[in-house]
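There are 2 protein chains.
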Amino acid sequence: MKTRITELLGIRYPIFLSGMSWISVPMMVAAVSNAGGLGILATGPMDPEETRKAIREIRSLTDKPFGCNATLLMPGAMANAKVLLQEQVPVINFALGKGDWLVREAHKYGGKVFATVVNARHARRAQDYGADGVIATGNEAAAHGEAVTTMVLVPSLADVLDIPVVAAGGIADGRGLAAALALGAEGVAMGTRFMTTRESPLHRNYKALSIQMGVTDTLYSKRFDGIWCRVLKTEAAEKALKRRIDLLAAFVNSRDVARQMKMPYGKLLIGILASGWGNAMKMANMANGFKAFQLATEEGDLNRGLLPVGQATGLIHDEPTVAELVERIVAEARQAREGLAARLD
Amino acid sequence: MKTRITELLGIRYPIFLSGMSWISVPMMVAAVSNAGGLGILATGPMDPEETRKAIREIRSLTDKPFGCNATLLMPGAMANAKVLLQEQVPVINFALGKGDWLVREAHKYGGKVFATVVNARHARRAQDYGADGVIATGNEAAAHGEAVTTMVLVPSLADVLDIPVVAAGGIADGRGLAAALALGAEGVAMGTRFMTTRESPLHRNYKALSIQMGVTDTLYSKRFDGIWCRVLKTEAAEKALKRRIDLLAAFVNSRDVARQMKMPYGKLLIGILASGWGNAMKMANMANGFKAFQLATEEGDLNRGLLPVGQATGLIHDEPTVAELVERIVAEARQAREGLAARLD
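If you read the protein sequences in the order shown, they are chains A and B.
All you need for our numbering is the position in the first sequence, starting with 1, plus 316.
All you need for our numbering is the position in the second sequence, starting with 1, plus 316.
Please note: incorrect hints may appear among the correct ones.
What the hints assert, rightly or not - When the alpha-carbon atoms are kept at most 27 angstroms apart in a straight line, the in silico BS3-like pairs for lysine-lysine are as follows:
#1 A:K555 with B:K538
#2 A:K424 with A:K369
#3 B:K538 with B:K549
#4 A:K555 with B:K578
#5 A:K549 with B:K538
#6 A:K538 with B:K558
#7 A:K538 with B:K549
#8 A:K558 with B:K583
#9 B:K555 with A:K558
#10 B:K583 with B:K369
#11 B:K369 with A:K558
#12 B:K369 with B:K578
#13 B:K598 with A:K558
#14 B:K578 with B:K598
#15 A:K549 with A:K583
#16 A:K414 with A:K424
#17 B:K538 with A:K538
#18 A:K538 with B:K555
#19 A:K598 with B:K558
Said to hold, decoys possible - Ranges between beta-carbon positions, derived for each pair:
#20 B:W417 with A:N619: 45 to 53 angstroms
#21 A:D444 with B:D634: 22 to 30 angstroms
#22 A:I561 with B:R520: 43 to 51 angstroms
By construction, these hints were calculated from the structure, which means they are not laboratory data.
No residue lacks a Cβ here, since even glycine has one placed at the ideal position from N, Cα and C.
Work the whole structure out from these sequences, hints included.
This is how it looks when you write it as structure tokens:
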């Protein structure tokens with residue numbers, strides 16, 4: 317295949333693995349890059365040393381381009397992002413913050429930078445400070461999409477940007493890839509679909525649920541981690557919808573986060589409280605969400621876990637290997653192209 | 317073009333005009349059918365005699381196939397639907413109710429029946445009792461979509477149905493048409509895009525707003541007419557979001573509805589109250605929504621009016637004639653096909 321994304325990054329297929337915490341680990345990243353796509357490492361749950369180790373592990377598993385994400389809103393993201401620059405990772409994908417300095421530094425060694433965006437304002441700003449592309453997250457996506465859906469967001473961004481758009485949200489097969497390209501995207505990012513593959517470390521309890529559940533089986537709310545977030549509709553998620561924020565749990569969970577990031581907890585807590593009540597509540601929500609996501613992903617906990625998934629979970633019916641999946645998607649997209657050609661004559 | 321929809325209905329392009337109250341009037345219906353698509357008359361605001369007159373007017377303006385809708389939840393819908401059968405309209409598009417009897421009666425004279433659906437359960441049921449196709453309404457659509465977006469709803473329905481799927485929601489140009497076909501649809505229905513055409517009777521105040529506003533400028537809530545409904549984000553709509561239901565207004569507005577339908581009001585009111593408090597509140601909400609939609613559409617009232625629009629309103633930048641628009645969409649879809657062909661090689 318040949319799109320602006322395959323050309324820009326030197327990859328075979330314009331298919332990204334979204335950087336999903338506890339899922340987009342080195343083995344998954346390498347599997348997607350080796351299959352011809354672009355794996356993106358999730359650095360959210362890691363401290364700088366773990367991030368460095370993970371990047372080196374990816375490099376031991378593949379000689380293909382890969383990416384790493386940087387969720388700038390999260391505590392510790394800055395320190396991790398600096399490691400990405402030191403290690404000169406080929407692609408950096410930042411979200412929830414301003415990545416102008418990342419663009420500046422990455423361009424020095426020839427790295428490419430993608431901004432994850434949900435609207436034209438953020439996308440234009442990223443283009444203005446030199447980002448190489450955007451990942452446009454539609455409402456149907458796992459976790460943090462906003463109101464605008466892929467069907468509308470992608471063409472609206474393609475209309476106003478010069479840099480290429482990668483579509484995220486609602487894509488699980490070759491029909492979705494073909495549709496995204498028709499809408500003006502130059503590639504796709506998939507999270508939910510890659511989550512249920514042989515190589516994915518997602519706990520088998522949730523792989524089984526992802527295969528069983530339908531397109532209506534997600535919930536979308538600010539109650540899960542403080543910002544608009546889509547998760548699998550389990551009993552635990554329905555309970556979380558009704559619950560008010562549990563500050564005691566947030567206290568315990570934020571200590572977990574600090575420990576995971578190897579940050580001094582006192583400093584973290586003071587920093588958060590000093591940033592104002594609104595921000596502290598946001599961080600409390602995030603800490604609880606973070607813990608619930610980890611319990612689902614790693615431990616398969618059906619009572620306290622929450623799994624971010626997109627509506628595309630309803631389009632998933634099997635657990636192929638990453639390589640099988642990528643080849644199948646490309647074949648299906650070509651089939652969709654033939655169907656389209658015949659029908660549009 | 318040639319899809320299962322063009323073959324089934326004997327039309328040139330698989331492009332439907334959605335049946336929008338006060339907009340999909342005979343002249344608009346005929347314009348879309350004459351341009352090669354399928355116009356669908358909105359019967360919601362009419363009594364049986366007006367419906368009959370409108371159908372005859374369409375027949376005086378075009379010899380092409382056309383459709384009429386029947387929103388079965390609305391008071392008076394049954395009486396109107398019987399007129400559609402008597403007049404043997406080529407296509408009946410029903411929504412918000414069970415249309416098995418419509419299918420049975422329409423098939424007697426060779427009419428085709430499409431069910432508007434938002435999920436697989438309704439779609440399968442419609443297929444089981446003989447509907448000829450479904451119109452799948454995604455979350456991004458004007459008015460009454462549910463949570464699942466076009467990108468996901470269309471392939472999920474195409475996977476489980478034998479009858480063809482028409483995609484509605486998020487489509488305003490040829491990229492959208494090509495994408496919908498790639499996803500497995502056999503055609504598209506457009507409301508928001510057709511609303512802003514030369515022939516459309518939408519008040520110029522709202523045509524101007526539709527052209528100006530962006531993809532994020534819609535609101536989606538149950539507050540507008542009692543069920544999930546997407547409208548243009550105006551000050552009036554933001555106020556409506558915060559307001560509790562106004563029962564006095566509902567009383568006045570429901571009298572308007574009754575007058576418009578030429579239904580005896582006392583009987584209507586008793587029927588509604590007898591159906592229980594929940595249903596009465598739903599009807600009260602609907603009466604208020606109905607009035608606000610009419611004020612926007614016909615009178616251009618920016619203070620009290622509400623205009624149902626889809627997110628695709630942000631993709632609209634001009635006011636072409638219906639014929640120009642249809643030809644442009646087909647040309648753009650063919651262009652998207654060429655782009656896709658080159659990129660998927």
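Mind checking the alpha carbons of K598 (chain A) and K558 (chain B) for me, to see if they're no more than 27 angstroms apart?
24 angstroms, holds
Tell me if the straight-line CA distance from K538 (chain A) to K549 (chain B) falls inside 27 angstroms.
21 angstroms, holds
Given the hint that K555 (chain B) pairs with K558 (chain A), test it: the Cα-Cα distance must not exceed 27 angstroms.
26 angstroms, holds
Has the given pair, K555 (chain A) with K578 (chain B), been kept, meaning a C-alpha gap of at most 27 angstroms?
47 angstroms, violated
Quick one, are K578 (chain B) and K598 (chain B) close enough, alpha carbons at most 27 angstroms?
Holds, at about 21 angstroms.
Keeping to a limit of 27 angstroms between CA atoms, is the pair of K538 (chain A) and K558 (chain B) held or broken?
19 angstroms, holds
Quick one, are K549 (chain A) and K538 (chain B) close enough, alpha carbons at most 27 angstroms?
21 angstroms, holds
Please work out if K538 (chain A) and K555 (chain B) have their alpha carbons no farther apart than 27 angstroms.
22 angstroms, holds
Given a hint of 22 to 30 angstroms, does the C-beta separation of D444 (chain A) and D634 (chain B) actually sit inside it?
27 angstroms, holds
Hint check: K549 (chain A) vs K583 (chain A), CA-CA at most 27 angstroms. Holds or violated?
36 angstroms, violated
Measuring from beta carbon to beta carbon, are W417 (chain B) and N619 (chain A) in 45 to 53 angstroms?
The hint (45 to 53 angstroms, Cβ to Cβ) holds, given that W417 (chain B) and N619 (chain A) are roughly 47 angstroms apart.
Tell me if the straight-line CA distance from K558 (chain A) to K583 (chain B) falls inside 27 angstroms.
41 angstroms, violated
Against the hints set out earlier in the document, violations occur for numbers 4, 8, 11, 15.
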